[in-house]
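**Q** Residue numbers (the working numbering), protein chains in the order written: chain A, 1 to 282; chain B, 283 to 550.
Hints in this document: simulated from the structure, not taken from any laboratory. Warning: the hint list may mix true and false statements.
Subject to a maximum C-alpha distance of 25 Å in a straight line, what follows is the list of computed DSS-like cross-link-like pairs (lysine-lysine) [to be verified]:
1. B:Lys465 / A:Lys130
2. A:Lys79 / A:Lys66
3. B:Lys481 / B:Lys465
4. A:Lys79 / B:Lys518
5. B:Lys353 / A:Lys130
6. A:Lys229 / A:Lys210
7. A:Lys130 / A:Lys79
8. B:Lys459 / A:Lys178
9. A:Lys178 / A:Lys210
10. A:Lys54 / A:Lys79
11. A:Lys164 / A:Lys210
12. A:Lys164 / B:Lys518
13. A:Lys79 / A:Lys178
14. B:Lys520 / B:Lys431
15. A:Lys54 / A:Lys281
Computed beta-carbon distance windows for the label pairs [unchecked claim]:
16. B:Asp514 / A:Ser13: 27 to 37 Å
17. B:Gly468 / A:Thr261: 50 to 60 Å
18. A:Leu144 / B:Ile486: 16 to 26 Å
19. A:Asp268 / B:Pro485: 42 to 52 Å
20. B:Glu438 / A:Ser263: 54 to 64 Å
21. B:His437 / A:Pro15: 23 to 33 Å
22. A:Asp19 / B:Ala498: 23 to 33 Å
23. A:Asp28 / B:Lys465: 46 to 56 Å
24. B:Gly295 / A:Ala11: 56 to 66 Å
25. B:Arg526 / A:Leu144: 13 to 23 Å
26. A:Asp19 / B:His350: 50 to 60 Å
27. A:Pro15 / B:Lys353: 52 to 62 Å
28. B:Ser427 / A:Ala11: 19 to 29 Å
Residues on chain A that point at chain B, a partial pick, calculated with CB under 10 Å [said to hold, decoys possible]:
29. Leu61
30. Ile81
31. Asn93
32. Val99
33. Ala100
34. Glu104
35. Gly110
A virtual CB, placed ideally from N, CA and C, is assigned to each residue, including glycine.
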Amino acid sequence: MSTAISVEHLAYSYPGVEDTPGVAVFEDLNLTIESGTFVAVLGSNGCGKSTLAKHFNSILLPCGGKVYVGGMDTSDPDKLISVRKTVGMVFQNPDNQIVANVVEEDVAFGPENLGIAAPAIRQRVDNALKQVGMYEYRNHAPHLLSGGQKQRVAIAGVIAMEPKCIVLDEPTAMLDPKGRREVMETIQRLNCEKNITVVLITHHMDEAAKAQRVVVLHKGCVCLDGTPKQVFSQVETLHKIGLAAPETVELCHCLNEQGFTLSLDNLDAEECAQALYEVLKA
Amino acid sequence: MLKDITLGQFFPGTSIIHRLDPRTKLIGLIAYIVALFTAGDWVSYGIVFAFLATCVAISKIPLKSFIHGMKPLVLILVFTGILNLFFTTGERVLVQFWRITITLEGVERALFMMGRILMLICGTFLLTYTTSPISLTDGLESLLSPLKKIHLPVHELSMMMCIALRFIPTLIEETDKIICAQKARGADFETGKIIERVKALVPILVPLFISAFRRADELATAMECRCYHGGDGRTKMKLLRLKRFDYGTFFLLAVLIAAVIFVAQLGL
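Build the full structure now, drawing on both the sequences and the hints.
**A** So, in structure tokens, the structure goes:
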């Protein structure tokens, strides 16, 4: 498996205004993301999740250390367009990332910037819209769509550029449960079917549980890293840094404190119910 | 209450006028205005009017919307009418009292000018009613693209127009929300003298501006993420192409102008 993104000794601090000192976010961060994986990044507010995401496609450049995307150094100005072509990014507020006032025109925005010929753009736009299930809305005005639909249009806008990797910065934070489900299904499908590397930054533990790998950031460092089962079974550590495990794990954890001996890797309600059943039967 | 604002009213449709290339329509409007201002007598006016009436009929846009759109302009029309009525000197006096004289020439001229303004407005309405704002911006960009040679930022201007149009509904929604939030905290927008009411608008405008700037910042980042780097090397998904009836329209417009000029010559 090749490396999609590698972060080596990353240091970054936001520059201070006038005489105030800057705010250091990272001092020495190391992280490697393999191609084709679905990685969730967790962390409490202000731990540097979004700052990290912005390093993945040269929106922010490291103060020290290097970030490589598909082998390209993100701080190399000549590689800027290629880096951004490789890593697509979706933000929290769908309203602020839709440029045009017709859905298909917006999806075409990225490929148009890449200078692709008209017929090829048409094809990419249609494919991208079909992949996110928004093809029948191609002539709609974005402001008349629901939040989940808008976010899926934003994802289509990114995949129309055919990136190898998509970074999503809390894409479901402003959505209702239905919109969240739509977006999560789309992300998972893209990861499975198109083999696109997905980096999902989120506050929702149940979303992170669907990933192949979970990285927990705390104070600019990687605090926990592993499969969802490995990470979420560290309930105590998660609590200490202001996070929580998925509800099923929390339930098992509470029961264990009362003397039960349940394993802490039941991320699924179904699984958890089965485990409880086994314990109660014995 | 703000939901009622419609900008660049566009009536979707499938008539020939709707399907014309936006550039043809823009050039058409200019040609129409030239014809309108060249027309100097009632016969040539009749020709221009017949042209306008045919276009409106083909577009299938209800006359009501034209009349509705005319409402805010009634004042200008009346003003033009009155000015021309009273200040045209002529020989055939109709009414005379105090210092005011109304002449037949005055009446004729007033009607003439009002007709001209009416037809001018109807023509421009026809353009905005049958062309979506995006294709209008596309058309403008394409028509103005020769000006890139003299370093006029044509692409940037059309991009700005496009984004402005895109964000109008979003910002209107936002304003509604802010108004509600301020009302919920006891702000009063409906009573008081004009000065007080204007002052009451400040707590709406400040958050609106802050949020607009924040949006602009986020949008800029999102656009950068999607490889936006100005107009150089950018392609278009929808290419504008002139079709057969675009050329037909150009021919008709030439005929219109020729006819008006011909009649003007005869009139001499």
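**Q** Evaluate each hint against the coordinates.
**A** Structure-based check of all given hints:
1. B:Lys465 / A:Lys130: Outside the cut-off at roughly 43 Å; violated.
2. A:Lys79 / A:Lys66: 14 Å, holds
3. B:Lys481 / B:Lys465: 14 Å, holds
4. A:Lys79 / B:Lys518: Given pair Lys79 of chain A, Lys518 of chain B holds - Cα atoms ~24 Å apart, limit 25 Å.
5. B:Lys353 / A:Lys130: Answer violated: Lys353 of chain B to Lys130 of chain A is near 45 Å, above 25 Å.
6. A:Lys229 / A:Lys210: Distance of about 10 Å is within 25 Å: holds.
7. A:Lys130 / A:Lys79: 30 Å, violated
8. B:Lys459 / A:Lys178: 23 Å, holds
9. A:Lys178 / A:Lys210: At roughly 17 Å apart (the allowed maximum being 25 Å), Lys210 of chain A and Lys178 of chain A satisfy the hint.
10. A:Lys54 / A:Lys79: Holds, because 16 Å separates the two Cα atoms, which is no more than 25 Å.
11. A:Lys164 / A:Lys210: 20 Å, holds
12. A:Lys164 / B:Lys518: 23 Å, holds
13. A:Lys79 / A:Lys178: Outside the cut-off at roughly 39 Å; violated.
14. B:Lys520 / B:Lys431: Holds, at roughly 23 Å.
15. A:Lys54 / A:Lys281: 50 Å, violated
16. B:Asp514 / A:Ser13: 27 to 37 Å: Holds, at about 34 Å.
17. B:Gly468 / A:Thr261: 50 to 60 Å: 57 Å, holds
18. A:Leu144 / B:Ile486: 16 to 26 Å: 24 Å, holds
19. A:Asp268 / B:Pro485: 42 to 52 Å: Cβ of Asp268 of chain A to Cβ of Pro485 of chain B: about 49 Å, so the range 42 to 52 Å holds.
20. B:Glu438 / A:Ser263: 54 to 64 Å: Given range 54 to 64 Å: holds, Cβ gap about 60 Å.
21. B:His437 / A:Pro15: 23 to 33 Å: Given range 23 to 33 Å: holds, Cβ gap about 31 Å.
22. A:Asp19 / B:Ala498: 23 to 33 Å: At 27 Å between Cβs, range holds.
23. A:Asp28 / B:Lys465: 46 to 56 Å: Since the Cβ atoms of Asp28 of chain A and Lys465 of chain B sit about 51 Å apart, the hinted range of 46 to 56 Å holds.
24. B:Gly295 / A:Ala11: 56 to 66 Å: 59 Å, holds
25. B:Arg526 / A:Leu144: 13 to 23 Å: 34 Å, violated
26. A:Asp19 / B:His350: 50 to 60 Å: 59 Å, holds
27. A:Pro15 / B:Lys353: 52 to 62 Å: 54 Å, holds
28. B:Ser427 / A:Ala11: 19 to 29 Å: The hint (19 to 29 Å, Cβ to Cβ) is violated, given that Ser427 of chain B and Ala11 of chain A are roughly 46 Å apart.
29. Leu61: For Leu61 of chain A, the interface hint is violated, since the closest Cβ of chain B sits about 13 Å away, which is over 10 Å.
30. Ile81: 6 Å, holds
31. Asn93: 7 Å, holds
32. Val99: Val99 of chain A check passes; min Cβ-Cβ to chain B is 6 Å, inside 10 Å.
33. Ala100: 6 Å, holds
34. Glu104: 8 Å, holds
35. Gly110: 4 Å, holds
Hint check: violations occur at hints 1, 5, 7, 13, 15, 25, 28, 29; the rest are consistent with the structure.
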